[in-house]
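We have chain A already, so just place chain B on it with the hints.
Chain residues, written in single-letter form:
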Amino acid sequence: MNIFMRSVWATVSLLALALGSPTQAQHDITIAEIGPTQSSLDPSDPDGASGGRVNGLATVAGTDRILYAASEWGGLWKSTDAGRTWSHLNGHVPTATWDVEVDPGNENRVYATSFYDGRVDSRAGISVSTNAGSTWTKPASASPPRNFCDSEVRREEPSAFGIAIDPSNPNNVYVGTNCGLAISTDRGGTWRYVDPTPADGADDVWDVVLHHGGIIDLCGQDGHRRSTDGGATWTTATGANRLPSGRCSIAASPDEAHVLFAVVGTTIYESDDGGATWLNRYTNPSPQGRIPFVATNKRDGRAYDLWFGDVRLYRGTCQTPATPGPGGAQRCQASASWAGPFTRSAGGHDDVGDIAFDSRTATNACPVLFSSDGGVYFNTQSASPACHTPAWEQPNRTPRAVWNWDMAGVRRTGTTPEDVYFGNQDNGSFGTTDAGAAVPTWNNQRCCDGFDVAADSTRALSTICCFGGGRSTRLFVSNPGLTGGGEINTYPAGNLRGFQQLDSIATFGPNQYAVISSSGVFLTDNIGANPVVWRQIGAATSPASACGIRVSRSGSTVMFFVKNGGCDGDVGGTLWRYTGTASSGTWSQVTRGGAGQFGVYDVDTNNPNRIIASDLGGPSGPEMVMTANGGTTWTKLTQLDALMTGNGDFRYQTRMGPRRFTSLTGYPQPTLVAFDPADRDVIVAAAADAGVFASIDGGTNWKLLTDPNNPDRSGVAHIPRARHAHFEHDEPEVVRVYLGTQGRGVWRVSFRKTPEVLKRHYIYTTLRVTNSGSTRGCGYANWSCMTGLCRSDLGSSAWRGWAGCHKSGSSWLCVFECGMVRETF
Amino acid sequence: MTDHPKTIAGVALAATCVLVASAVIAQDNEGPGPFTLQCEVYCSSEKLRTANARLSWADPRMRLIREANSLDAADRDLGEEIETTVFKDGFEENLYASFPTKLEARELAPRLAPETADANLRAYQLLLTGVSRPAIEGRSIEALLGGSPQDVETSAVIEGLEPGLTYYWRVRVQMPDGVEISQSVACVAPVCPADLQEGDAQ
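Taken in order, these protein sequences are the chains called A and B.
Here our numbering is used: position 211 in the first sequence is 211, and no number is missing along the way.
Here our numbering is used: position 139 in the second sequence is 139, and no number is missing along the way.
Hint data in this document are derived by calculation from the structure and do not stem from the laboratory.
Predicted model only: the values in this text are computed from it and were never measured.
Every residue, glycine too, gets a C-beta built ideally from N, C-alpha and C.
Treat the hints with care, as some may be off.
Far from chain A by the CB rule (all over 12 Å, computed), these chain B residues [as the list claims (entries may be wrong)]:
| # | residue |
| --- | --- |
| 1 | Pro-34 |
| 2 | Phe-35 |
| 3 | Asn-69 |
| 4 | Asp-77 |
| 5 | Pro-134 |
Part of the chain A face toward chain B, derived, beta carbon under 7 Å [as the list claims (entries may be wrong)]:
| # | residue |
| --- | --- |
| 6 | Ala-240 |
| 7 | Ser-245 |
| 8 | Gly-265 |
| 9 | Gly-289 |
| 10 | Asp-426 |
| 11 | Cys-466 |
Okay, chain A solo, but in the shape it has when bound (with noise of 0.2 Å):
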């Protein structure tokens, strides 16, 4: 294995530091998140914003200052200051994020869920933090043991999802996972699993409520189930009004343990008879199904407010019966009496995730913070009674978890100006001029679902989803930085794509532009037309849904290139190709030995039969291949591909995995291959949990430019999913990229393409090694377990990070991480 292969590029100034080594060149490596920390939109549309969504949030004891957020895509966020501003928790390194928890009686302990990290050694699922989320683990009894699960996959690729925290006895914390309820009667130190129906294995426990004493009230795949045990045995309804299977929310009375409430899919529940069965209904007033909730805050008197979001918050008044008992009407009012929408009308952005309450009191708690697809809003409101009816505000700074539908970029002279456009899930479109700033000024022209940009230096072109009338997704011409302009006059047929990682539209000359719609490929040759008139390219043969456009040109020859089918880029496609712009052309395929079932690809500006891709269709998993004769002959990036899994840290087609939304139903590593433009020596691939590559040579060699196994301790970010790159050249030898990532914003990475370069590595990887066995890595040392012990033939100042030994069947496992810089190899 080449040592290259081992090595991590990372920023020397922090390596510098972290490592004690003050004499490596500055700005080799330069790593920044660039994107934007508050929405220009928000003032005049909540439902633009910077924030990406955010699932579970959480408050701590006796303050309303400490908070907590769980992001769907990127990480664990925190703010000391009443949600006025955010930063990330890098040292929790699962990126899909579910829920987090603070223990009542101990502020520095914290709980977080997670959905499957790609890991063969999972992190995912459930996390636990003793110093108030600077570093987590998971324990090793937090994975479900063997043969437990309803299939084997659930506990090789773990999620874990809703929190409890028993309020009359913090020792006692529960988890929802995919496997099962994992309950540790120890804060976290240990736990064990339980299935509340034994008999058909252990499925997804989606939610769980502690209350009155310790009943557990739990939801998932298999209904509804309540213990008063402590887990050792389950009841649940028997009749048919009885709770669906599926993901969903639960919550329970203030006053009374036998009365319930449950959201599954769009339909809420409420059970007055402990779960026996789930009677009563409200009606949902804004159905999606997004990722729905109910929670429940006492009032005065026999009064609680039962608070529900989907696409948007409200607030049911509900009151407990002068003598509470099983049965009796409902307790709370009909929907159509619900007060609100707290939502866009109240300054938060729709399509809600979960809502906090202050703290300092169990009565009348004012919500303090609430989330959503548009990141967390805090109330405006500090006093009860006026908090219970929110104004929301978005933070001065925060998160930056967006989820980029696509990218694109305009080079301009100079270090600062540069134009990055880029479109959001439910976060609308961002374009600005000054991408090279220290801090680029963003403008967030337009809300909601944003998907394809693409641009010139004169105009920016974006898509924008979801409008109620005619067309639901529109396509908008503005000036550089997204500002100003309108809706195009003139579109071609079909619909506009949307939804989708590939892109949908792309320039190929001056005002040239095509566009992918449901009905084919289209170009204009005059964008600033009016009308623009539009020509389908190769009608007869297009691909039937054609995706990921890429243009090239050889000569003065354009050529077109589409995949079909596959348009995330984690599913297999065909690759297709049409030479010119007049539309009497053929489409033809371009396969990979008759075969290929290509995931994400790129086509080299400059050359088109330069063509690198992820082949998803091989009979052994995903690999990286390119070809340079327009696919007559493939060659396999093998160094590549070990990136992709990171030596063997992650698995390169995962079954379990979170793919969109909350569908986890298994993903590739790649996400994706970009060529530079600018110098076809150069070429960025990145991965879903494995990191951001880059080649300098044209792809024989592959550097990991960031760290996906420990951000907080090494200094060097951990970029996931990162699916859209910009390249930009304005000083000599330095490369410059912008990239977009699925739920971690925009970030900039800079590196010098020099020999000095490549003879500086920062070696940082994880060894593995029984006591059966030694391994070379980490500097060439020789690694070898003892019982209880990982050794060096090199000394432990040959390394550094951390080594942990521990159990696995009959043998010692010594697992270490090691780093540390070589200037020559």
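Only chain B this time, still in chain A's reference frame:
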């Protein structure tokens, strides 16, 4: 609005469908063992916020053709129905809805099993929007039965799944020699968000 059904069925189906159990039929004239049913779920490209399921299974008429060695055997009305439940033990507890899959069935809402208490359950507000069967006319028996499994596959599209729910599916066919019930498969209805512009109806 999001995906179309995946063209690479093996990939998508492996990811989205879970084999639940083999159906056991307590009937005197029980037919052959359970047949295979596959489901895939996707967001409609035509209707906002609409989740669909596509079910596919081997056309049961093929067995009749094979046994009779005659294409005329395909003319028999087999009384085929798709059954679905959102409860894990819903088939055992008769908490399911069913759709007849006659060729003329279009935009057909399900009927509910007698034990299903609430016909208004959102989960069952579904429509069978299309059934596609293998073409028989003009083909020889050899070509028909010697083709790929996809060539002799029946498929149906069910529209309007409640997002986030787990739907369990099976197909029941009244064959001349008894009832055949497919294996049961589970698919999670996808979320199909569409974030509407200000002023548009939610």
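Does the nearest C-beta of chain B fall within a distance shorter than 7 Å of the C-beta of Gly-289 of chain A?
Where the cut-off is 7 Å and the nearest Cβ of chain B is about 3 Å from Gly-289 of chain A, the hint holds.
With 7 Å as the cut and Cβ atoms as the points, is Ala-240 of chain A at the interface with chain B?
At about 4 Å, which falls below the 7 Å cut-off, the nearest Cβ of chain B leaves the hint on Ala-240 of chain A intact, so it holds.
Hint check: 7 Å Cβ-Cβ cutoff, Asp-426 of chain A to chain B:
holds (4 Å)
Would the hint on Cys-466 of chain A be counted as holding, given a Cβ-Cβ threshold of 7 Å to chain B?
holds (4 Å)
Taking the closest pair, is the beta carbon of Pro-134 of chain B still more than 12 Å from chain A?
Holds, since 20 Å exceeds 12 Å.
Assertion that Pro-34 of chain B lies farther than 12 Å from chain A (Cβ):
holds (18 Å)
Would Asn-69 of chain B pass as off the interface with chain A, using Cβ distances and a cut of 12 Å?
holds (37 Å)
Should the hint that Gly-265 of chain A touches chain B count as held when the rule is a Cβ pair under 7 Å?
holds (4 Å)
Please settle this one: Phe-35 of chain B was flagged as non-interface, so is its CB more than 12 Å from every CB on chain A?
holds (22 Å)
Let's test the interface hint: is any C-beta of chain B closer than 7 Å to that of Ser-245 of chain A?
Cβ of Ser-245 of chain A sits 4 Å from chain B, so the hint holds.
Exclusion check [Asp-77 of chain B not at the chain A interface, CB over 12 Å]:
For Asp-77 of chain B, whose nearest Cβ neighbour in chain A is about 31 Å away, the distance exceeds 12 Å, so it holds.
Every hint from the earlier list agrees with this structure, and none is contradicted.
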